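So the sequences go chain by chain: A and B. For the first sequence, my numbering gives the first residue as 1, with consecutive numbering after it. For the second sequence, my numbering gives the first residue as 471, with consecutive numbering after it.
Certain hints may be false.
To be verified - Taking lysine-lysine and the BS3-like style, the derived pairs with C-alpha atoms no more than 30 Å apart in a straight line are:
#: 1; chain 1: B; residue 1: Lys838; chain 2: A; residue 2: Lys408
#: 2; chain 1: B; residue 1: Lys527; chain 2: A; residue 2: Lys186
#: 3; chain 1: B; residue 1: Lys928; chain 2: A; residue 2: Lys444
#: 4; chain 1: A; residue 1: Lys444; chain 2: B; residue 2: Lys878
#: 5; chain 1: A; residue 1: Lys186; chain 2: A; residue 2: Lys444
#: 6; chain 1: A; residue 1: Lys438; chain 2: B; residue 2: Lys527
#: 7; chain 1: B; residue 1: Lys838; chain 2: A; residue 2: Lys186
#: 8; chain 1: B; residue 1: Lys914; chain 2: A; residue 2: Lys186
#: 9; chain 1: A; residue 1: Lys404; chain 2: A; residue 2: Lys444
#: 10; chain 1: B; residue 1: Lys702; chain 2: A; residue 2: Lys186
#: 11; chain 1: B; residue 1: Lys656; chain 2: A; residue 2: Lys444
#: 12; chain 1: B; residue 1: Lys908; chain 2: A; residue 2: Lys57
The set of hints was computed from the structure by calculation and includes no laboratory data. The structure presented is a predicted model; accordingly, all values stated were derived computationally and were not measured.
2 protein chains.
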Amino acid sequence: MLNDATPEFIAGLVEALGQDLVIADSEKYLKEPRGRWTGRGTVLAPRNTEAVAAIVKACSEAGVGIVPYGGGTGVVGGQVSGEGAVPVVLSLERMNSIREVFPTENVLVCDAGCILADVQAAAADVGRLFPLSLASEGTARIGGLLGTNAGGLNVLRYGNARAQVLGLEVVTAAGEIWNGLTRLRKDNTGYDLRDLLIGAEGTLGIITAAALKLVPQPVSNGTAVMVVPSPKAALDLLALAQARIGEGISGFELMNRQGLRFMEETGVEFAKPFEELPEWSVLIDLGLAEGQSPQDALEGLFVAAMEQGLVSDGAVAQSEAQRAAFWSIRENIPEGNRRIGSISSHDISIPLSLIPDYIAEAPGVLAKVGDFSINCFGHLGDGNLHYNVFPAEGRTRDEYDHLKTAVKDTIHDLVAKYEGSFSAEHGVGRFKVADLEKYADPQKLAMMRAIKQALDPKGIMNPGAVLRPL
Amino acid sequence: MLNDATPEFIAGLVEALGQDLVIADSEKYLKEPRGRWTGRGTVLAPRNTEAVAAIVKACSEAGVGIVPYGGGTGVVGGQVSGEGAVPVVLSLERMNSIREVFPTENVLVCDAGCILADVQAAAADVGRLFPLSLASEGTARIGGLLGTNAGGLNVLRYGNARAQVLGLEVVTAAGEIWNGLTRLRKDNTGYDLRDLLIGAEGTLGIITAAALKLVPQPVSNGTAVMVVPSPKAALDLLALAQARIGEGISGFELMNRQGLRFMEETGVEFAKPFEELPEWSVLIDLGLAEGQSPQDALEGLFVAAMEQGLVSDGAVAQSEAQRAAFWSIRENIPEGNRRIGSISSHDISIPLSLIPDYIAEAPGVLAKVGDFSINCFGHLGDGNLHYNVFPAEGRTRDEYDHLKTAVKDTIHDLVAKYEGSFSAEHGVGRFKVADLEKYADPQKLAMMRAIKQALDPKGIMNPGAVLRPL
Chain A
1 MLNDATPEFI AGLVEALGQD LVIADSEKYL KEPRGRWTGR GTVLAPRNTE
51 AVAAIVKACS EAGVGIVPYG GGTGVVGGQV SGEGAVPVVL SLERMNSIRE
101 VFPTENVLVC DAGCILADVQ AAAADVGRLF PLSLASEGTA RIGGLLGTNA
151 GGLNVLRYGN ARAQVLGLEV VTAAGEIWNG LTRLRKDNTG YDLRDLLIGA
201 EGTLGIITAA ALKLVPQPVS NGTAVMVVPS PKAALDLLAL AQARIGEGIS
251 GFELMNRQGL RFMEETGVEF AKPFEELPEW SVLIDLGLAE GQSPQDALEG
301 LFVAAMEQGL VSDGAVAQSE AQRAAFWSIR ENIPEGNRRI GSISSHDISI
351 PLSLIPDYIA EAPGVLAKVG DFSINCFGHL GDGNLHYNVF PAEGRTRDEY
401 DHLKTAVKDT IHDLVAKYEG SFSAEHGVGR FKVADLEKYA DPQKLAMMRA
451 IKQALDPKGI MNPGAVLRPL
Chain B
471 MLNDATPEFI AGLVEALGQD LVIADSEKYL KEPRGRWTGR GTVLAPRNTE
521 AVAAIVKACS EAGVGIVPYG GGTGVVGGQV SGEGAVPVVL SLERMNSIRE
571 VFPTENVLVC DAGCILADVQ AAAADVGRLF PLSLASEGTA RIGGLLGTNA
621 GGLNVLRYGN ARAQVLGLEV VTAAGEIWNG LTRLRKDNTG YDLRDLLIGA
671 EGTLGIITAA ALKLVPQPVS NGTAVMVVPS PKAALDLLAL AQARIGEGIS
721 GFELMNRQGL RFMEETGVEF AKPFEELPEW SVLIDLGLAE GQSPQDALEG
771 LFVAAMEQGL VSDGAVAQSE AQRAAFWSIR ENIPEGNRRI GSISSHDISI
821 PLSLIPDYIA EAPGVLAKVG DFSINCFGHL GDGNLHYNVF PAEGRTRDEY
871 DHLKTAVKDT IHDLVAKYEG SFSAEHGVGR FKVADLEKYA DPQKLAMMRA
921 IKQALDPKGI MNPGAVLRPL
């Protein structure tokens, strides 16, 4: 059992680390973006790794919980704790230095409090790309992005957050500093603690800095939208594109007519390259090297795909403005969804070849629960679909309140049948702890609990997130 | 303290699992390739995962150690135990099925006993590439390759073994089966146990099967050898190549004149594209997509590099035969080394930008220890050098016996000064346990020991490898 972070406990930390350690206006730190949960706790913002270690050591001694807070953009409640003893909330926002950039090595070392967009800009300053990219990049911080192993738009080509990291600096649950901030690309000297800490959602230690991998900037980019007769054809188109274009494919996004209709209905502006809104379409994004033409590659792909009956129409962007317009279709789908208002949203993944069967089966299974509209879209190249369920036309969200849980369980059960994941990129947080218990392999859960007990025996690190307190 | 695997214990396993469980001719399993260590133990070869689980459960109950054995090609003694209680040696060679191939998904699922070359062939059969590739690929098995997080020739482009895996099936130290054999590319539901097991060298559990990532086969390949004035110029050439050619660079290997001279001296045949043996040269290998010409890309790179003074001579292979000839230079260097006979060989990595300084400093530091010849070569693109020390010209290896340890310590100390690794791709095994204790961050060691204790509390999994028995 943990203890409350009492005023006396906070006063002791302030005495040791300075008056400005506490952020008085704590409101924004205690709400999560969708307003589902409210947290509690005193917000602390240390200025360096040693101060983080001092706070964790004090919490360990006093048995006080620590909730790590990055940019606050997580959607599964990992950053807010409303139950149990009152914790401290630890924000690394003042630790936001790009420590060093090594262009020759394609490496950037930064504090965990850096905002993603600032890291992207620092990479661009030396002619490199930091490929992690997602909607919240202007707010999300590196520590949170690594703690949750964030996904986003470039996973197909560059992998998720985990794949962008060479080394970490971490404060352990005992308040010690592990200097694992290596820039080495090969180092087989012991267990892979780096990848264990990444995605642990702050439950095993606090990431305070990272050595990140940069990549060469593509020399030229290109984007196309193609109309496909079915999700199966979209997958075959992806395979054809990979065979022809190799690693040059940065994005392969599936879109359904429902999402486009939602945008029309709610007045969200978007480009319409085709006369009618297609039932299924894909956005393909390329980033190529010297001497390659993205337009030629996309046009060649389209011709080959036509011959195989994989596409029925298509448009290749002829300018940067047109590229942006094509991307705006995909990027505005969430805004259309928001304006309609979903009953239940799902961040699922399915083995690629089973996606067509899942998409075919799910509506019938859901129809047994109620009458819905469905918008299925997302990162098809990663097998990651955002499968969002809305009121049927003419009906309102209120009418469905009693069905929310049934919808979620129906989708997650079906995803489990297809050997999929109930959380492809958002993590577990506090929102999906019960799902993890329900769907995870029992041996996996047992090993996770053993590791949690081993590395955080007092249970102070983000208590209640990922695993129920022991 | 562990117990010996007594004849009675083995008899019990045989009764449960069948007479042919034991491989009677155990000689090859108890010697490692360089003849440095001799192991002990009864060799068991189960036919399926359930049998592996039964063996591990029995060993757990009896407190008997288990030494996992893959293809036996490891060079750090991970597969042979000559000390402590007599263990069982567990070979998965009879579990060698390609379970299923999913071309649309770029996934192949196989038993851990599959030989790497067979996996490569199964991928090629469906027009895909399994990019893990190394000298021992005709013998090494997937379980051992993943257990040691093997490196090899394609790491620059595709990453090490860890990067080729989506999911694992594992028998835990308690003899339970964890089914983590997912084919998902995104799954943020809990701790990354997969990457923890990969590279743990069999000390946390037994990998019994894996879901492996395949990639599109390059449409065309090209190879060049270029003469560079210095290691620094080689690194700048790499950056230039990456900016121009992007991910298409599969290999970037550094070669020193000493290695070529060794081959000449000992009668190893190799191609000589230049009139004189160059002091420093690099081999560059490309695999490109549809519509790209590797020859054009390499010739364009050479011209641009000449303008910047990064190369002084070069040759681009004009045929597959010439490609093979160029590769034979690099691939024969180890044979030349073997014929000369090294005093001490080192598999080190250094942050890329520090490599020139390391290469400049090391000979002077070694000269204080004695009079040596040095052959420095390897996977420059990965920061991974094979830094091998030989007798000075006209002297024999015997004269240096008393200096072996001093040479090793000198190199490893210098590597540590440059924030490098004493084992870039070979692992720790039993040979480098003391190095790990000496050079690893204390918090890393503490976390590793806590995890070992948590997942293998009886210490039966590959006892004595990586970590000293607790």
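Straight-line alpha-carbon gap Lys838 (chain B) to Lys186 (chain A), limit 30 Å
The given pair, whose Cα atoms are some 29 Å apart, holds under the 30 Å limit.
Proposed proximity, Lys444 (chain A) with Lys656 (chain B) (alpha carbon, max 30 Å):
17 Å, holds
Compare the distance between the alpha carbons of Lys838 (chain B) and Lys408 (chain A) with 30 Å, and conclude whether the hinted pair is satisfied.
Given pair Lys838 (chain B), Lys408 (chain A) is violated - Cα atoms ~70 Å apart, limit 30 Å.
Holds or violated: are the alpha carbons of Lys444 (chain A) and Lys878 (chain B) at most 30 Å from each other?
Outside the cut-off at roughly 40 Å; violated.
Check the hint pairing Lys928 (chain B) with Lys444 (chain A) against an upper bound of 30 Å on the C-alpha distance.
Given that 30 Å is the threshold and the Cα spacing comes to 19 Å, the pair holds.
Has the given pair, Lys186 (chain A) with Lys444 (chain A), been kept, meaning a C-alpha gap of at most 30 Å?
With a Cα-Cα distance of about 27 Å, the restraint between Lys186 (chain A) and Lys444 (chain A) holds, given a limit of 30 Å.
Do the alpha carbons of Lys404 (chain A) and Lys444 (chain A) lie within 30 Å of each other, as the hint requires?
Holds, because 28 Å separates the two Cα atoms, which is no more than 30 Å.
30 Å Cα cutoff - pair Lys702 (chain B), Lys186 (chain A)
Holds, at about 20 Å.
Is it true that the CA of Lys438 (chain A) sits at most 30 Å from the CA of Lys527 (chain B)?
26 Å, holds
Holds or violated: Lys527 (chain B) to Lys186 (chain A), with C-alpha atoms at most 30 Å apart:
With Cα atoms ~34 Å apart, Lys527 (chain B) and Lys186 (chain A) exceed 30 Å; violated.
Measure nothing beyond the straight line between the CA atoms of Lys914 (chain B) and Lys186 (chain A); if it is 30 Å or shorter, mark the hint as holding.
17 Å, holds
Would you check the hint for Lys908 (chain B) and Lys57 (chain A), treating anything up to 30 Å between C-alpha atoms as holding?
With Cα atoms ~26 Å apart, Lys908 (chain B) and Lys57 (chain A) stay inside 30 Å; holds.
Taken one by one, the earlier hints fail for this structure at numbers 1, 2, 4, listed in ascending order.
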